[in-house]
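These protein sequence lines map, in sequence, to chains A and B.
Mapping to the working numbering: the first sequence position 186 is 186, numbers consecutive.
Mapping to the working numbering: the second sequence position 255 is 255, numbers consecutive.
Everything labelled a hint here was simulated from the structure, so no lab data went into it.
Yeah, the Cβ is synthetic: ideal placement off N, Cα and C, and Gly gets one too.
A couple of the hints might just be wrong.
To be verified - Derived pair list, reagent style BS3-like, types lysine-lysine, alpha-carbon separation capped at 27 Å:
no. : chain 1 : residue 1 : chain 2 : residue 2
1   : B       : Lys7      : A       : Lys101
2   : A       : Lys140    : A       : Lys187
3   : A       : Lys101    : B       : Lys238
Stated by the list, open to error - Just so you have them, the derived chain A footprint on chain B, three or more residues with Cβ under 8 Å:
no. : segment
4   : 105-119
5   : 144-151
6   : 166-174
As the list claims (entries may be wrong) - A few chain A residues that face chain B, going by a derived Cβ cut-off under 7 Å, partial list only:
no. : residue
7   : Leu71
8   : Ser77
9   : Gly104
10  : Asp106
11  : Met109
12  : Thr116
13  : Leu118
14  : Asn119
15  : Asn134
16  : Ser137
17  : Met163
18  : Tyr166
19  : His168
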Amino acid sequence: MTLPTSVDNLNNGGAAPLLQVNGLSVSFRSEGGLVRPVRDVSFEIGKGETVGLVGESGSGKSVLSFALMGLLPPHNSRIDGGEVLMDGRDLSRLRRRAMSKLRGRDISMIFQEPMTSLNPVYTIGNQIEEVFRNHTSMGKKERRERAIDLLERVGVPRAPEIMASYPHQLSGGMRQRVMIVMAIALKPRLLIADEPTTALDVTVQAQILRLIGRLAEEDGMAVILISHNLGVIARVCQRVMVMYAGQLVEVAPAAELYRHPRHPYTRHLFECIPRIGMGGHRLNYIEGSVPHPGDELPGCRFAPRCREADEGCLEREPELAALSEGRASRCLKEGGAGFASGD
Amino acid sequence: MAKYIFKRILQIIPVVLGITIIVFFLIRLIPGDPALALLGTDATPEELARTRARLGLDKSYLVQLALYLRDIFTLNFGESIVQHKPVMEIIGSSFPATLELAVAAIIVSLVVAVPLGVLSAVKQNSWADYVSMFFAQLGTSMPVFWIGLLLILAFSLKLQWLPSFGRGEPLAEAVGALFATGSAAPLLDSLRRLLLPAVSLGVMGAALISRMIRSTMLEVLDSDYVRTARAKGTREGKVVLKHAFRNALLPVVTTVGLQFGSLLGGAIVTETVFAWPGIGRVIVTAIFQRDFPLVQGGVICVAVAFATLNLLVDLLYAVINPKLRA
Numbered sequence: 001m002t003l004p005t006s007v008d009n010l011n012n013g014g015a016a017p018l019l020q021v022n023g024l025s026v027s028f029r030s031e032g033g034l035v036r037p038v039r040d041v042s043f044e045i046g047k048g049e050t051v052g053l054v055g056e057s058g059s060g061k062s063v064l065s066f067a068l069m070g071l072l073p074p075h076n077s078r079i080d081g082g083e084v085l086m087d088g089r090d091l092s093r094l095r096r097r098a099m100s101k102l103r104g105r106d107i108s109m110i111f112q113e114p115m116t117s118l119n120p121v122y123t124i125g126n127q128i129e130e131v132f133r134n135h136t137s138m139g140k141k142e143r144r145e146r147a148i149d150l151l152e153r154v155g156v157p158r159a160p161e162i163m164a165s166y167p168h169q170l171s172g173g174m175r176q177r178v179m180i181v182m183a184i185a186l187k188p189r190l191l192i193a194d195e196p197t198t199a200l201d202v203t204v205q206a207q208i209l210r211l212i213g214r215l216a217e218e219d220g221m222a223v224i225l226i227s228h229n230l231g232v233i234a235r236v237c238q239r240v241m242v243m244y245a246g247q248l249v250e251v252a253p254a255a256e257l258y259r260h261p262r263h264p265y266t267r268h269l270f271e272c273i274p275r276i277g278m279g280g281h282r283l284n285y286i287e288g289s290v291p292h293p294g295d296e297l298p299g300c301r302f303a304p305r306c307r308e309a310d311e312g313c314l315e316r317e318p319e320l321a322a323l324s325e326g327r328a329s330r331c332l333k334e335g336g337a338g339f340a341s342g343d
Numbered sequence: 001m002a003k004y005i006f007k008r009i010l011q012i013i014p015v016v017l018g019i020t021i022i023v024f025f026l027i028r029l030i031p032g033d034p035a036l037a038l039l040g041t042d043a044t045p046e047e048l049a050r051t052r053a054r055l056g057l058d059k060s061y062l063v064q065l066a067l068y069l070r071d072i073f074t075l076n077f078g079e080s081i082v083q084h085k086p087v088m089e090i091i092g093s094s095f096p097a098t099l100e101l102a103v104a105a106i107i108v109s110l111v112v113a114v115p116l117g118v119l120s121a122v123k124q125n126s127w128a129d130y131v132s133m134f135f136a137q138l139g140t141s142m143p144v145f146w147i148g149l150l151l152i153l154a155f156s157l158k159l160q161w162l163p164s165f166g167r168g169e170p171l172a173e174a175v176g177a178l179f180a181t182g183s184a185a186p187l188l189d190s191l192r193r194l195l196l197p198a199v200s201l202g203v204m205g206a207a208l209i210s211r212m213i214r215s216t217m218l219e220v221l222d223s224d225y226v227r228t229a230r231a232k233g234t235r236e237g238k239v240v241l242k243h244a245f246r247n248a249l250l251p252v253v254t255t256v257g258l259q260f261g262s263l264l265g266g267a268i269v270t271e272t273v274f275a276w277p278g279i280g281r282v283i284v285t286a287i288f289q290r291d292f293p294l295v296q297g298g299v300i301c302v303a304v305a306f307a308t309l310n311l312l313v314d315l316l317y318a319v320i321n322p323k324l325r326a
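The whole structure should be built from the sequences, with the hints applied where relevant.
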């Protein structure tokens, strides 16, 4: 399949992008056979840009981010095709050693579960300093000072004391701050935040989001913020990518997406957000569920759940087609050219 | 921490007391009479009665128990009926032999199990994994005495590299001799004699422990914090050894502790096959000879050793896992 050339310029300007993903596909071997959680995904991230990646559970967001980080489990998964370009290098083809030199230095990641993402048997200080040990030649004293500075920068009180404590002695919010410190310690150019606030209290969620936004701005760091929560994305991101069943289905500047979603799936998602003052209205939901990543459908992968679908949608697979500057949608009804399967 | 250790040491006392009482009654409940065992079936009833009185066995069980407990509080374990030597002396010479063998066997187990277990977890489903787990399966299925016999056949009889039975100088003394006289010969002899029994005892442990390490390593390697370590750019070797292995150690320590504990009870079969003068053989012989004081003393010694070992395992847990330090 050739890449739709029309989406080549979906980034925020004409400047050379920081990260360029072209036709990336990932497959997993599972007991039920081969599944494809990420299918032919292409996008660009500009320098210092904050981009949201939205989708339901099982849409392939996390697998996509692990693929970018080179963290897919090697024994049962692989990148089937496509490339992940950064500085002209294809990260998906880097050797393990070379990739681990990039991780934590140029690309970092924060995970969903702060409670289990820190190693229970080492002190916080040890784990933060490890980033410096991995990538710099800093001395012991300097590592410690830098770690304390960073903890203070993300608003951790009594930083020297926290350095000596173990993960189980900290709250979820504190642990996520420690994760953030490890991720930003070396001012990476790209931070992938995979549902960084999902496991936290609502009040802490806002703090963590503001923190990530502030750090990104101060350090000129690009961020891919992954969430199933459109509200979270709206607060922070300039641009949004909507993912469904392994594919990007809509890409748009955040403000435009909220004002005028073009893909039916995005519209469905907005209807599912509860609002204060809805009165006695029932909250909407999308009927059915995300197709299993192993399911191969001849037509649009959202068609079986789509209110607006007709017979054509079940037969022809739409492309992600540019609608206007910086906007694209994968829907036949929105002018997506489409092609019959097997073409 | 000190308070915790003190509390745990205090807890050992009721355990040992309970075991003492149980052994005391058990050995008296099984049929057989020390006097008869001592004098043989030709003895007259008068002789038997006199011997029983001399041994204090004519008193009621409760009186005997009270007297025994009084004695052991002053660390007097009595005298062996058969060997006419203080029980403490017999245990003092046989328990170190068992300890030496047990430590050597555990070392053999760990030296084999740690690399095999880690390797097969890291290279899951590779040929290295299949080969190691095949040997682990084999190791758990082979009876210890049979491994011992095979080793003797191969290394003592065929190749004539190693002696087939007996213990050399106690290791501590052999090391002492090395420093005192500069002669390494006793130490080498002791180690050569230790090798075959230690290996045949260690095989089973190696098999159990390597399977344990494999499964806990697999679990830990899949954990969120290992992913975090990789995301920080930690090299894979360090991810495995620093981040995964230390966490995988916890359940392994339990298994090693249990394995070691069962070896302390005396590996009777191995001690018999290799004519190793350990406490297992002492206790079994004493049971057949109805040597009440020696059986009691031997079992108490093993119980104290086991309880101490459990304490050490718990302390080791706290060292490995900071959550348990309070």
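Consistency of the hints with the structure:
1. With a C-alpha separation of about 49 Å, the suggested pairing of B:Lys7 with A:Lys101 is violated against the 27 Å cut-off.
2. Straight-line distance between C-alpha atoms of A:Lys140 and A:Lys187 comes to about 20 Å, which keeps the hinted pair within the 27 Å bound.
3. A C-alpha spacing of about 13 Å is found between A:Lys101 and B:Lys238, which places the hinted pair at or below 27 Å, so the restraint holds.
4. Interface restraint, the segment 105-119 of chain B with chain A: violated (0 residues with C-beta to C-beta distance below 8 Å; minimum three).
5. With a threshold of 8 Å between beta carbons, the proposed coverage of the segment 144-151 of chain B by chain A is violated, since 0 of its residues qualify and at least three are required.
6. With a cut-off of 8 Å between beta carbons, the segment 166-174 of chain B has 0 residues touching chain A; three or more are needed, and the interface restraint is violated.
7. With a cut of 7 Å, the hint placing A:Leu71 at the interface with chain B holds, because the nearest CB-to-CB distance is about 6 Å.
8. This hint is violated: A:Ser77 has a C-beta 13 Å from the nearest C-beta of chain B, more than the 7 Å allowed.
9. Interface restraint check for A:Gly104: the shortest CB-CB distance to chain B comes to about 3 Å, inside 7 Å, so the restraint holds.
10. For A:Asp106, the interface hint is violated, since its Cβ never comes within 7 Å of a Cβ in chain B; the closest pair sits about 9 Å apart.
11. A cut of 7 Å between beta carbons decides the hint on A:Met109: the least distance to chain B is about 5 Å, and the hint holds.
12. Taking 7 Å as the C-beta contact cut-off toward chain B, the hint placing A:Thr116 at the interface holds, the least distance being around 4 Å.
13. Against a cut-off of 7 Å between C-beta atoms, the interface hint on A:Leu118 holds, since the closest Cβ of chain B lies about 6 Å away.
14. Hint status for A:Asn119: holds, given a least beta-carbon distance of 4 Å to chain B, under 7 Å.
15. The criterion of a C-beta within 7 Å of any C-beta in chain B is met by A:Asn134, whose closest approach is roughly 5 Å, and the hint holds.
16. Checking A:Ser137 against chain B: minimum C-beta separation of about 14 Å lies over 7 Å; hint violated.
17. Taking 7 Å as the C-beta contact cut-off toward chain B, the hint placing A:Met163 at the interface is violated, the least distance being around 14 Å.
18. Against a cut-off of 7 Å between C-beta atoms, the interface hint on A:Tyr166 holds, since the closest Cβ of chain B lies about 4 Å away.
19. The restraint placing A:His168 at the interface with chain B holds, with a minimum CB-CB distance near 5 Å, inside the 7 Å limit.
Taken one by one, the earlier hints fail for this structure at numbers 1, 4, 5, 6, 8, 10, 16, 17, listed in ascending order.
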